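Assemble the whole structure, with the sequences as input and the hints as a guide.
Residue numbers (the working numbering): 42 to 411.
Accuracy of the hints is not assured; some may be wrong.
Simulated pairs of lysine-lysine, DSBU-like, Cα-Cα distance not exceeding 35 angstroms [said to hold, decoys possible]:
#1 241 - 327
#2 401 - 363
#3 196 - 179
#4 311 - 47
#5 327 - 311
#6 217 - 241
#7 201 - 401
#8 180 - 401
#9 196 - 363
#10 201 - 47
#11 311 - 180
#12 180 - 217
#13 401 - 241
#14 363 - 217
#15 396 - 66
#16 327 - 201
#17 179 - 164
#18 396 - 47
#19 217 - 327
#20 327 - 179
#21 179 - 66
In case anyone wonders, no lab produced these hints; they're calculated from the structure. Bear in mind the structure is a predicted one, so any value in this text is a computation, not a measurement.
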Amino acid sequence: MVAFSKIVIAGGGIIGNSVSYYLAKLNIATTVIDPIGIAPAASGKAGGFLARDWSDGSPIGPLQQRSFDLHAQQADDLGAENIDYRRLVCMAVGCDERAAAVAKPSGKKLEGVEWADINVLGKNMMGGTDTIAQVHPKKLCDAMWKFSQERAGSKLIIGKVVEAIVDDDGSIEGVKLDDGSTIECDALVIACGPWTDATKSWFPPEIGRAIPHMMGVKYHSILIQSPRVLNEAVFFSGHGDPEVYPRPDGDAYITGFPDPAMVVTESPGKEEVRPEVVSRLVDATKKVSSLLGPITPHTEQACYLPTTNDGIPVIGEIPGVKGAFIGSGHGCWGILNGPATGEAMAELLTEGETKHVDLKLLGVDSPYRR
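This is the structure in structure tokens:
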């Protein structure tokens with residue numbers, strides 16, 4: 042039984058797309074509203090690194106395990122080659138910051154290290170192909186959206202929601218856009234990532250205050266085309282602790298040096314790329330790899346990862362308004378946890394409860410909220 046028949050999703054990133062995708066699998070159409078389009082911000086610029094068990098024992102552990110498995114299922118359904126999904130291994134590599142860059146050393150300390158080869162002190166396996174994978178976030182979002190359009194007839198509207206229209210009974214009956222137009226709906230899903238704080242003003246004050254405070258952590262990244270396809274993601278200790286995720290198309294995605302969490306004032310898709318941070322990433326790459334270091338990046342970019350005060354994503358119903366839902370605050374695991382969040386939200390919208398992941402610890406009123 043479908044509980045809601047006219048569903049609007051505010052936000053075209055990984056969460057909004059995942060909700061639309063899992064509803065489309067039930068032949069339910071949605072209207073996605075975004076100021077720019079599909080995956081304009083972090084969901085189009087993230088690394089796409091997936092780890093099944095790195096949050097075990099935490100409130101998001103079950104969500105992460107479920108979502109990791111759903112990524113594999115999506116690869117089968119959408120075509121792994123279409124979304125650059127693959128399994129790979131991940132290493133932690135320690136580097137000697139005191140030494141100048143030297144030629145590639147030899148010896149046992151490099152066993153199992155595929156391409157990080159300058160001043161390596163040691164390494165540790167963080168995960169193998171049973172628990173580590175990757176996907177191209179933008180390609181995944183585009184593929185999910187194509188499925189939603191073709192299967193269910195979902196629509197994308199370029200615009201910005203400025204008000205949730207609530208009837209006298211306290212139920213969602215529509216949204217108002219920045220151009221003055223209104224769209225009728227009986228359910229509204231907020232998937233606005235680091236811009237979630239702005240959605241508080243869509244509701245009466247007593248409702249808006251219930252939405253957890255959302256900030257953004259700004260990350261820069263560069264992409265380097267490797268001479269050969271690499272198969273080992275590396276988390277470095279030293280030289281600023283950069284992270285490198287090689288992709289099956291030969292690109293190496295390199296990130297690090299995050300800013301402190303802040304209220305985001307930059308617009309989606311218009312995030313400033315600061316040259317000094319890019320230079321630090323380039324310099325760090327030169328200090329850890331003789332293969333990647335000499336190559337000039339072909340892409341320099343920045344994005345914000347949404348985070349709550351408690352570091353726990355908020356997924357579920359917004360109390361006080363029937364038909365209002367939220368999925369945001371996934372931090373660095375947004376791409377990983379997108380599918381399970383979308384599946385859970387689709388279950389809430391159609392069945393009134395979740396079947397695979399218990400959202401009690403992730404809801405607006407989670408006991409972990411501060």
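Okay, the hints, checked on the actual structure:
Of the pairs offered as hints, the one joining residue 241 and residue 327 is violated, with about 44 angstroms between alpha carbons and a cut-off of 35 angstroms exceeded. Restraint check for residue 401 and residue 363: satisfied, since their Cα atoms lie roughly 18 angstroms apart, inside the 35 angstroms limit. For the given pair, residue 196 sits about 18 angstroms from residue 179 by alpha-carbon distance, which is consistent with the 35 angstroms threshold. A C-alpha spacing of about 31 angstroms is found between residue 311 and residue 47, which places the hinted pair at or below 35 angstroms, so the restraint holds.
In summary, the hint linking residue 327 to residue 311 is supported, as the alpha carbons are separated by about 28 angstroms, within the 35 angstroms threshold. Only pairs whose Cα atoms come within 35 angstroms are accepted, and residue 217 paired with residue 241 is accepted, the gap being roughly 14 angstroms. Simply put, residue 201 and residue 401 have alpha-carbon atoms about 30 angstroms apart, close enough for the 35 angstroms limit, and the pair holds. A threshold of 35 angstroms between alpha carbons decides the hint, and for residue 180 with residue 401 the separation of about 31 angstroms falls inside it, so the pair holds.
Our distance criterion of 35 angstroms between C-alpha atoms is met by residue 196 and residue 363, whose separation comes to about 23 angstroms. Among the hinted pairs, residue 201 with residue 47 is consistent with the structure: their alpha-carbon atoms are about 18 angstroms apart, no more than 35 angstroms. Annotation: proposed proximity of residue 311 to residue 180 holds, straight-line Cα distance about 20 angstroms (limit 35 angstroms). Simply put, residue 180 and residue 217 have alpha-carbon atoms about 30 angstroms apart, close enough for the 35 angstroms limit, and the pair holds.
Taken as a hint, the residue 401 and residue 241 pair is honoured in the structure, with Cα atoms around 22 angstroms apart against an allowance of 35 angstroms. Straight-line distance between C-alpha atoms of residue 363 and residue 217 comes to about 17 angstroms, which keeps the hinted pair within the 35 angstroms bound. Annotation: proposed proximity of residue 396 to residue 66 holds, straight-line Cα distance about 16 angstroms (limit 35 angstroms). The hinted pair formed by residue 327 and residue 201 fails the criterion: a straight-line CA distance of about 42 angstroms is larger than 35 angstroms.
A hinted pair counts as satisfied when its Cα atoms are at most 35 angstroms apart, and residue 179 with residue 164 qualifies at roughly 31 angstroms. With a C-alpha separation of about 22 angstroms, the suggested pair residue 396 and residue 47 falls inside the 35 angstroms cut-off, and the hint holds. For the proposed pair residue 217 and residue 327, the alpha carbon gap of about 50 angstroms is over 35 angstroms, so the pair is violated. Restraint check: the Cα-Cα separation between residue 327 and residue 179 comes to about 27 angstroms, which is no more than 35 angstroms; the hinted pair holds.
Between residue 179 and residue 66, the direct Cα distance comes to roughly 20 angstroms. Compliance with the 35 angstroms bound is thereby established for this hinted pair.
The structure does not agree with the numbered hints 1, 16 and 19 stated previously, though it agrees with the rest.
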